[in-house]
Amino acid sequence: MNEFLFVVVPYICLTTFVVGHLWRYHYDKFGWTTRSSQLYENRLLRIGSPLFHFGMLGVVGGHIIGLLVPQSWTDAVRISEHSYHVVAVTGGLLAGAAALAGMVILIYRRRTVGPVFSATTRMDKVMYAFLAVVIVLGMWNTIAGSIMTIGGEYNYREGVSVWYRSFLAFQPDASLMASAPLGFQLHALAAFGLFALWPFTRLVHVFSAPVGYLTRPYIVYRTRDEQLGSHQPRRGWDRISQ
Amino acid sequence: MRVMAQMAMVMNLDKCIGCHTCSVTCKQAWTNRTGTEYIWFNNVETRPGLGYPRTYEDQEKWKGGWERNKRGRLVLKGGGRFKKLLTIFSNPKLPSIGEYYEPWTYDYSTLTDAPAQEHTPVARPKSLISGNDMKIEWSANWDDDLGGSTATAHRDPMLQKISDKVKFEFEQTFMFYLPRICEHCLNPSCAASCPSGAIYKRAEDGIVLVDQDKCRGWRMCVSGCPYKKVYFNHKTGKAEKCTFCFPRIEVGLPTVCSETCVGRLRYIGLMLYDADKVLEAASTEDDHGLYEAQREVFLDPFDPDVMREAEKAGIARDWIEAAQRSPIYALINTYKVALPLHPEYRTMPMVWYIPPLSPVVDVVQETGEDAEDKGNLFAAIDALRIPIEYLAELFTAGDVGPVDAVLKKLAAMRCYMRDINMGRDPDGTIPAAVGMSEEQMYDMYRLLAIAKYDERYVIPPAHAEQAHSLEELATECSVSAYGGGQQDLFGEGSGVPTPIAVENFQMLQDRQTADTLASPADKGARVNLLNWDGKGSPAGLFPPRKKDS
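First to last, the sequence lines map onto chains A and B. With this note's numbering as the guide, the letters of the first sequence map in order to residues 1 to 242. With this note's numbering as the guide, the letters of the second sequence map in order to residues 1001 to 1549.
Hints listed in this document are in silico derivations from the structure and should not be mistaken for laboratory results. On a predicted model such as this, the values are computed, not experimentally measured, just so you know. It cannot be assumed that every hint is accurate.
As the list claims (entries may be wrong) - Derived DSBU-like pairs (lysine-lysine); straight-line CA-CA distance at most 35 Å:
(1) B:Lys1083 with B:Lys1015
(2) B:Lys1070 with B:Lys1135
(3) B:Lys1093 with A:Lys125
(4) B:Lys1126 with B:Lys1063
(5) B:Lys1161 with A:Lys125
(6) A:Lys29 with B:Lys1070
(7) A:Lys29 with B:Lys1161
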């Protein structure tokens, strides 16, 4: 069972995530958008959206550090377990609270503002449900697990993180996850569910984060030379070389 | 010198009767889809008035366009790259749907479905955004013909720049229409604001387009454009804008708005410009200098150096010739009667306007004086400071000099041509008073008053050897997928969108430039087999039989 939950399911989800994005990018560039609803309503969005997004950026950054940086590395630079813990929990709480508050505002807005609600697809609703579950479980793990230590002390950097790195290295070790507290198990599973849904939701806009804007020239010109291959010519048709 | 070609338009506001035909045909052609109900690529505003979206010209509020910073560099008024990225989750300057207007329809079915009752059923307005009943409080054209302007016109940002005490007088004496499309700027701030780099300027003809496959719906272009001519399609979540009807332009046809303009007030043609000089011109220190600075950017297509450089830059011979015949060049640079709309936004707009003289004429006429007398008109232009100042706020960043000069040229043309039309000897002192020769004045009259289709629209078709790539380009632009949403995986809707076929537009052009009315020359030799009952053979089915000898 553990093998299934913490090896098979995550890999299925990861595959769906990768292949799904490739498929969507190839076939549905036109649908690849944030689908912003700011035009309909701005008062709640102005508060909720930055709260949520900046909170999530913090949360994702925290996860990258927590999951990908081995404890031996921080030990090597003499960061004590305690000080790491304090920084991680404080940062995690702040970012998580911002994301959660933002999400509550955004979901409230989505439900109560007529035009926004009618522009909400079924996929949006499923995505919101998963997102909410993942965030709430994450907050629960932080508060209940790390601060109040309900169910005993658990150092995820010796458990979940190691499992996650083994998973990414294609040498999965399910036993590490099986011994983690239930909250962490559910959080991981729900997150993988979200990853599987990801390519089919508006969440794809995450991968269009326009960092290239910082370096590209302001005005974009396009000449026909660059333009010659928006798609392959159909079978039997050759391009005229110029 | 880096020569580039730009498709440009000039509108003669004197001829605009505010019929909105351009807006309607444009909407039918481009924005009749779900998600674009509120979008008018072409709209006609009554001035003074708030415009569409409301008060879009107030850049202190909307922060569109460029500004010159203290170090003399050109920066986006809405903030640079970092600020754009930091505010990407909630664009602080995005106009709400209410600033445009909430689109609506009527539940017409109640008119026929309602049960028998004492009162006549009415079709109530239903919002196309929320689907609920709504109260219609604003639209793209709410203050048409100054309707309700006593309540709203004082919010006109251009009027606010002129002193308060004149407003009432102003509204009574002066009104004109301002048709607006995308300016297809030389220095487009929408493109500069786009985080994804989806908005691009076509190197061949300077048309600014949104790549629908690259747009991610960040909405920065909407707030970046000071003319508010990039719109957010709320169904597809992508930006859309006026395309200058590029599929038509590519085969030498004018845009839909120009084609259908009943006043024939639009001119389309090429301008050659020096791309290296654009930034410098847009950074001109004094706002009043921007009009002249932009004219300096344009190149003289008759100059042998320019022609040589243009050919080096890959501009085809027939395009250079088209630039020489361009009515735009004549109106902007030869006669100097066309002015840019809001040069102070520093985007170097390429849809220019000939300011209207008719309100001045009307005022003179109302006094009972001769409205075609040079002395009277010149005196009126000098006396009507308020309207002139208003026009200057629109077209020259508040500098009344150029507006004054244009109106006097138009007035002189009126007087000069009256003598000719009345069979009197033309008075050479009239053109001389505005610094023109008699020939120039007559030529300008011809261009403004009686220019035919192919003189108003000098559009060199895209080259056959380019047609393939241009057609490819078409698949990437605005409305390649009607109705939006995702494409189907299977069946009719699957695969890449069908390109807008150049052939269709070629046929359209043949039809529109043919001498005969919808009847091909070989019509007599055709047989409609649908009418054939199978008995015998209708005349013309077979070529005439050779007589047996």
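Keeping to a limit of 35 Å between CA atoms, is the pair of A:Lys29 and B:Lys1070 held or broken?
-> 41 Å, violated
Starting from A:Lys29, check that the Cα of B:Lys1161 is at most 35 Å away, please.
-> Violated: A:Lys29 and B:Lys1161 sit about 45 Å apart, past 35 Å.
Can the restraint linking B:Lys1093 and A:Lys125 be considered satisfied, given a maximum Cα separation of 35 Å?
-> Distance ~28 Å between B:Lys1093 and A:Lys125 Cα, so the pair holds.
Distance restraint between B:Lys1070 and B:Lys1135, which requires alpha-carbon spacing of 35 Å or less | Distance ~47 Å between B:Lys1070 and B:Lys1135 Cα, so the pair is violated.
Quickly compare the C-alpha distance for B:Lys1083 and B:Lys1015 to 35 Å and report which way the hint goes.
-> 43 Å, violated
Would you mind confirming whether the straight-line C-alpha gap from B:Lys1161 to A:Lys125 stays at or under 35 Å?
-> It is violated: about 49 Å lies between the C-alpha atoms, which goes past 35 Å.
Given the hint that B:Lys1126 pairs with B:Lys1063, does the C-alpha gap stay at or below 35 Å?
-> With Cα atoms ~33 Å apart, B:Lys1126 and B:Lys1063 stay inside 35 Å; holds.
Violated hints, in rising order: 1, 2, 5, 6, 7; the structure is consistent with all others.
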